[in-house]
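**Student:** Residues per chain are reported as follows:
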Amino acid sequence: MSFAENCKEAILNGNIELAEKLANQAIEENIDINIAIDAFSLAIRKAGDLFEEGDFFLPELMRSAEAMKGAMTVFEPKIMEDKVDRSLGKVIIGTIEGDIHDIGKTLVAALMSAEGFEVFDLGADVPVGKFIDKAEEVGAKIICISALLTTTMVGQKKLIDQLKERNIRDKFKVLIGGAPVSKKWVEEIGADGSAENAVSAVKLARKLLEE
Amino acid sequence: MKLIDNIQIELDEKEILRLLSSRKGNQRKLQKASNLLLEQIRETTIESLEIIHPKGVYDVFESISLKPVFLFKKSERTVLAVCTIGKELEERGSHFISKGELAKGVIIDSIASHAAEKTAEYVNKIILENLKDEITEKLFTSRFSPGYCQWELDKGQEMIFNLVDTKKIGVSLSDSKMMHPIKSVSFAINIGKEIDQELGERGCETCDMVNCAYRRAKDY
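For the protein sequence lines, the chains are C and F, in the order given. Under this note's numbering, think of the first position of the first sequence as 1, with each following residue one higher. Under this note's numbering, think of the first position of the second sequence as 1, with each following residue one higher.
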């Protein structure tokens, strides 16, 4: 099997050890780091597609993300050393103040990292101002804000209102997520979009940055 | 105020898989899980059942004293109840997620969500058994919760937590009306001769919470 096929097998089987071994092999054999990472990236996208199509269950997709993370951790020093810039952009993500639901946004963060975004996960119960301050501080392109309750989703509107008040709405794409979020709510508050699962959130983020 | 404990629940593997599927996966119905995944789910289910502590508490009220009027006007008496599986399993799931063991974390989270629903189902059943003399020759609704059936989440939760002694089962309500532990369910059951029996039936197909984990629209 080729290197790319081995990478695909490691990622789709969620085999962390094999993914790390292949990443080390790529470095030892001086395989172009961009080509090596591309092989893993294609595989993690395939895992996402398999989940969306119903061929993978969520734990299988997460295992793939764990394997991808394993490979990227091996590549990290080489990326720093060679000053390779593969970042798709910086993303701020968190669950809004008053809401401690953490898992949904953590899965989105994991898949965004696997895709190549530089993700700053602020955790749960995060005040609106902290999202904005961090986004300004690191020069983020996207803010993802999760809310799992109808009582806390008003925080998503508050964030957009504050961006407008500070005249910086156009600096960021704002994606909103969580069970109560509907298309109508996206339009009502003027967000840039929402997605029905973590895989489509990553695809949407890529699409928005390409626009 | 009645406490229900010593609750024994059985979990359904198919429901756990449903919670772990994408929308398309659920539509396909015949989506097959690998033996490895099934083994992980079975193993995690056994571990999980050891650390859940399902409990419920309820009381019965005169419906006329409850608001909003449109939900309770046709009812004579209303049961208000809260139940939980406790915080241990939730903490275990968060522990794995924060360690980066996402696959294990999401399996635990789905088991916990399913266990909370099963607990609500059990508590609902026991309440009706306890009230069998009262409900003879009367009708009763399925359970319905704040946030559903046009019952505003904040007002509904406030009313239930003001009237039911949830300290008995260790459930509290945050300022944003979020229950702690998260894997808890609050609900009402209307009893009366002329109640709207459709109330409490899940109306997923008309609900716009399309990302809801419990969505059971007809296309599923």
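Calculated from the structure, these hints are not laboratory results. Possibly wrong hints are sitting among the right ones.
Said to hold, decoys possible - Capping the alpha-carbon separation at 16 angstroms, the derived lysine to aspartate or glutamate pairs in EDC-like fashion look like this:
hint, chain 1, residue 1, chain 2, residue 2
1, F, Lys24, C, Glu53
2, F, Lys74, F, Glu194
3, F, Lys32, C, Glu53
4, C, Lys158, C, Asp125
5, F, Lys99, C, Glu196
6, C, Lys69, F, Glu101
7, F, Lys24, C, Asp55
8, F, Lys104, F, Asp154
9, F, Lys32, C, Glu52
10, C, Lys90, C, Asp125
11, F, Lys24, C, Glu5
12, F, Lys24, C, Glu211
13, C, Lys130, C, Glu97
14, F, Lys24, C, Glu52
15, C, Lys78, C, Glu20
16, C, Lys164, C, Glu188
17, C, Lys46, C, Glu5
**Student:** Each hint: holds or not?
**Tutor:** Status of the hints after comparison with the structure:
1. About 6 angstroms separates the Cα atoms of F:Lys24 and C:Glu53, which keeps this hinted pair within 16 angstroms; it holds.
2. Distance restraint check for F:Lys74 and F:Glu194: the Cα-Cα separation of roughly 6 angstroms lies within the 16 angstroms cut-off, and the hinted pair is therefore satisfied.
3. With a C-alpha separation of about 13 angstroms, the suggested pairing of F:Lys32 with C:Glu53 holds against the 16 angstroms cut-off.
4. For the hint pairing C:Lys158 with C:Asp125, the CA-to-CA distance comes to about 14 angstroms; that is within 16 angstroms, so the pair holds.
5. Under the criterion of a C-alpha separation no larger than 16 angstroms, the hint pairing F:Lys99 with C:Glu196 is inconsistent with the structure, at around 25 angstroms.
6. Using a Cα cut-off of 16 angstroms, the hinted pair C:Lys69 and F:Glu101 holds, with the two alpha carbons roughly 11 angstroms apart.
7. Distance check on the hinted pair: F:Lys24 and C:Asp55 sit about 9 angstroms apart at the alpha-carbon level, within 16 angstroms; holds.
8. Annotation: proposed proximity of F:Lys104 to F:Asp154 is violated, straight-line Cα distance about 32 angstroms (limit 16 angstroms).
9. Between F:Lys32 and C:Glu52 the CA atoms are separated by roughly 14 angstroms; this keeps the pair inside 16 angstroms, and the hint holds.
10. Using a Cα cut-off of 16 angstroms, the hinted pair C:Lys90 and C:Asp125 is violated, with the two alpha carbons roughly 21 angstroms apart.
11. Distance restraint check for F:Lys24 and C:Glu5: the Cα-Cα separation of roughly 27 angstroms exceeds the 16 angstroms cut-off, and the hinted pair is therefore not satisfied.
12. Pair hint F:Lys24 plus C:Glu211 does not hold up; C-alpha atoms about 27 angstroms apart against a cutoff of 16 angstroms.
13. Pair hint C:Lys130 plus C:Glu97 holds up; C-alpha atoms about 10 angstroms apart against a cutoff of 16 angstroms.
14. Between F:Lys24 and C:Glu52, the direct Cα distance comes to roughly 6 angstroms. Compliance with the 16 angstroms bound is thereby established for this hinted pair.
15. About 14 angstroms separates the Cα atoms of C:Lys78 and C:Glu20, which keeps this hinted pair within 16 angstroms; it holds.
16. Taking the CA atoms of C:Lys164 and C:Glu188, the gap is near 15 angstroms; set against the 16 angstroms cutoff, the hint holds.
17. Distance hint between C:Lys46 and C:Glu5 is fulfilled; the C-alpha atoms sit about 12 angstroms from each other, no more than 16 angstroms.
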